[in-house]
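Colleague: Here the sequence shown stands for residues 1 to 102, numbered as in this note's numbering.
Don't take every hint at face value.
What follows is a set of in silico ranges between Cβ atoms, one per label pair, in the way DEER data are often shown [stated by the list, open to error]:
1) L45 - V25: 14 to 20 Å
2) P11 - T53: 49 to 55 Å
3) P85 - L55: 44 to 50 Å
Derived from the structure by calculation, the hints contain no laboratory data. Just so you know, even glycine gets a beta-carbon here, dropped at the ideal spot from N, CA and C.
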Amino acid sequence: MAARELVQQLPQNVRRWVYVIFALVGVALGATVNGFGTAEIAQPLWLEIAGSTYLYLGGAFGLTAALNVGAKKAAEVPVAPVSEPDATPVPDDYQPQHRAKE
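All chains should be modelled from the sequences, with the hints used to inform the complete structure.
Modeller: Structure (structure tokens):
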């Protein structure tokens, strides 16, 4: 069974929470690594292992998420209309309200 089929068997709400929890774990690990670095303290072994494992799993999570995003044809993607530039002339006596920094 392919990874995409395995993931699609999970309800969308469950997948969303798995991704949210994974992201929060990443923030917590990153903050912890940053804290040790700022304090100029050597990272404990468990933090190095957790960080390496997180990075490894991150690739799998990203690939799985990318496989579950359907590509849209160009005709299906909404495009905002382009507005024309304002051609209103600037009055001769116009004075800007700010000054350029010198």
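Colleague: Does each hint hold? Answer for all of them.
Modeller: Taking the hints in turn, this is what the structure says about them:
A beta carbon spacing of about 18 Å between L45 and V25 agrees with the range 14 to 20 Å that was offered as a hint. As the Cβ distance of P11 to T53 is approximately 26 Å, the hint placing it in 49 to 55 Å is violated. Take P85 and L55: their Cβ atoms lie about 46 Å apart, and the range 44 to 50 Å holds.
In the structure shown, a violation is registered for the earlier hint numbered 2 alone.
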